[in-house]
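Student: Grab the two chains, each in its own frame, and use the hints to assemble them into the complex.
The listed protein sequences derive, respectively, from chains A and B. So this note's numbering is basically just the index in the first sequence, starting at one, shifted up by 90. So this note's numbering is basically just the index in the second sequence, starting at one, shifted up by 73.
Please note: incorrect hints may appear among the correct ones.
Listing some non-contacts, in silico: residues in chain B with all C-beta distances to chain A over 10 Å [what the hints assert, rightly or not]:
1) VAL82
2) GLU84
3) TRP86
4) LEU87
5) GLU125
6) VAL138
7) HIS139
8) THR140
9) THR143
10) SER146
11) ARG147
12) VAL148
13) GLU150
14) GLN153
15) SER158
According to the in silico footprint, chain A covers these stretches of chain B (three or more CB under 8 Å from chain A) [as the list claims (entries may be wrong)]:
16) 103 to 111
17) 126 to 134
Source of the hints: derived by calculation from the structure; they are not laboratory data. In this text, a Cβ means the ideal position worked out from N, Cα and C, and glycines have one as well.
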Amino acid sequence: MRVLIIEDDAALGLFLQKGLKLEGHEVGLVTDGEAGLEQALEQSPDLIVLDLSLPKRDGMEVLEAMQGRLTQTSVLVLTGRSAVEERVRCLNMGADDCLLKPFSFHELTARCRVLLRRREQFADPTLRHGDVELNRMERKVTRHGRPIDLTGKEFALLEFLMQARGRCCTRGELLKEVWQMSPDAGTNVVDVYVNYLRKKLSAGDPADDAPVIETVRGEGYMLGVGSGRKPVSRVGGVFGLGARAHA
Amino acid sequence: MHEEMSVAVEEEWLAELCDKLHDLCQPLTALQCRLEIGMMHGRLDTMRAAIEEALHECERMNNRVHTMQTLLSRVLERQQKERRS
Chain A
91 MRVLIIEDDA
101 ALGLFLQKGL
111 KLEGHEVGLV
121 TDGEAGLEQA
131 LEQSPDLIVL
141 DLSLPKRDGM
151 EVLEAMQGRL
161 TQTSVLVLTG
171 RSAVEERVRC
181 LNMGADDCLL
191 KPFSFHELTA
201 RCRVLLRRRE
211 QFADPTLRHG
221 DVELNRMERK
231 VTRHGRPIDL
241 TGKEFALLEF
251 LMQARGRCCT
261 RGELLKEVWQ
271 MSPDAGTNVV
281 DVYVNYLRKK
291 LSAGDPADDA
301 PVIETVRGEG
311 YMLGVGSGRK
321 PVSRVGGVFG
331 LGARAHA
Chain B
74 MHEEMSVAVE
84 EEWLAELCDK
94 LHDLCQPLTA
104 LQCRLEIGMM
114 HGRLDTMRAA
124 IEEALHECER
134 MNNRVHTMQT
144 LLSRVLERQQ
154 KERRS
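Same shape as in the complex, but just chain B (with noise of 0.2 Å):
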């Protein structure tokens, strides 16, 4: 029954983890694209303006990556906490 349990939450920790992981690939993307479109002029101004974007996106990617982070914590505190149990 416990055992039951302890893979059902598994499960559901790691939907939530695919989800947060489909999130950071939208500014990963973003980034990739942003700065290859910036390449593509090969002008200095349009250079800069696609890093200051891309500066931006990694403000996103960070965000989520924390995201990721605290719930991966989560998952690590509790599965010592059974352990431990």
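Looking at chain A on its own, in the form it has when it is part of the complex (with noise of 0.2 Å):
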């Protein structure tokens, strides 16, 4: 999942930053309203950690601004303030939970996975990556509305690509998610569907040969821009990946 954390505290930021890349999810963190709905707009994260009492730009104002705009991402509201009125104000304006400071970091990630687990359940069950569409609910696959006949590991390795939203993917990382082996077990069994599924996708019509699943050499494999959508530009924002060489 990918988190930003809006926290104008340094420290407190910094912790649940090093926290929740613990627990797995993609973390950035910015420290002012106005730097946070910036990149929120930008990059819509599937959750952000919004703190109230922020300079520039408020956590109301911040939400007010959000209302209508992002609708697949989820807000947790952070407050220092126990008054009953401005947690309801807050779920008015859209966001998902308030949590009151002082808070447990675990009650914090409980919350988190609730709001993940809420918003796949409402989400659009299909995923789209150019001309790519997965859909998980039929578990049907079409490129320029051909129908893909895949396997079930390949159809689960095509959706972890595609739900990584154009960032690289490790092969430890698809190991462990998609075959639920571990990272560095000598197995060459990604490359392997990775080449049965660029076959199929690209199989049949002269328009499907644009790559779908680029290499990033020495790394893993990522969605590409041969499908006509542009991997999520990663320098230099707040999710902190840098630039990638490209196979």
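Tutor: Now the structure itself:
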């Protein structure tokens, strides 16, 4: 899950970032409301952890500005004020949950998991990447509207790459998440299945020759620009991933 | 008139106290989260790093508690003066 923390207390922000990264999330951190809103609109993260007392633009203003613009993003508000009216106002303005400071990190992560579950339940079942569409409910994949017959593992691999939305997925990560194997397992099963997928995605139609899955040399695989969608630019972004060398 | 002023001053102090309490929540949350994250690793070096950073948060909390104590003593002093007069 891609999480954006908007918290002006540097120490608290860093600890939350560290902890959520340990939980396996991709976490960005900004320390004022203006930058927070800008990053939120640009990156459309899955979850925003938003403090209310912020410089430049406070949390309420950020919530107000995001209303109706980030329909796929959940917002968890952090507040140090115990007034019920404030929390009700936040929820009315689009926040999905409020957490009163001081709180336990375990409670924060538990609430994040609840929001993620809720989000997945109501999410659009179709993942799209350029001309490729994957319907998670019907377990169907199409390219240019042409149905593509995939095995269970091929489907799971493509689904994982599409969920990563242009982020590079390492072989270890794919082994762990798609095959439930140790990331250090000495096997080339990922490369073999990527090959199968590439062949199936490009077979039969000359318009489908643009590569959907690109190799990131020495690291892993990502969905590429070839299928009509630019990978998410992370250079200098809050999620802190650097530029990659493409094969 | 005097009573009205006293109520207004008390309300002002209460609001200030609320602000200070809010400020105290920041390092307290950071302290708790930092220690919990340190425990998640279960390694000696990460726990040590967590304790060192937690001590810094304790220092921040001490400063804020000291500010609250000063504020409260000012309120109490004023109340005592009012009672005497």
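Student: With reference to the structure, classify each hint as holding or not holding.
Tutor: For each hint, the structure was consulted:
1. VAL82: Consistent with the label, VAL82/B stays out of reach of chain A, its closest Cβ about 22 Å off (over 10 Å).
2. GLU84: holds (15 Å)
3. TRP86: The claim stands: TRP86/B keeps its Cβ more than 10 Å from every Cβ of chain A (closest is about 17 Å).
4. LEU87: LEU87/B is indeed farther than 10 Å from all Cβ atoms of chain A, at 13 Å.
5. GLU125: Label holds. Min Cβ-Cβ 12 Å, cutoff 10 Å.
6. VAL138: holds (14 Å)
7. HIS139: holds (18 Å)
8. THR140: holds (15 Å)
9. THR143: Non-interface label on THR143/B holds, nearest chain A Cβ at 20 Å vs cutoff 10 Å.
10. SER146: SER146/B is indeed farther than 10 Å from all Cβ atoms of chain A, at 23 Å.
11. ARG147: Non-interface label stands for ARG147/B: nearest chain A Cβ at 23 Å, farther than 10 Å.
12. VAL148: Holds, because the least Cβ-Cβ distance between VAL148/B and chain A comes to about 20 Å, which exceeds 10 Å.
13. GLU150: holds (27 Å)
14. GLN153: Since the minimum Cβ distance to chain A is about 29 Å, GLN153/B lies beyond 10 Å and the statement holds.
15. SER158: Its Cβ never comes within 10 Å of chain A, the nearest being 35 Å, so this holds.
16. 103 to 111: holds (count 6)
17. 126 to 134: It holds, with 4 qualifying residues against the three required.
Figure legend: structure checked against the earlier numbered hints; every hint is met.
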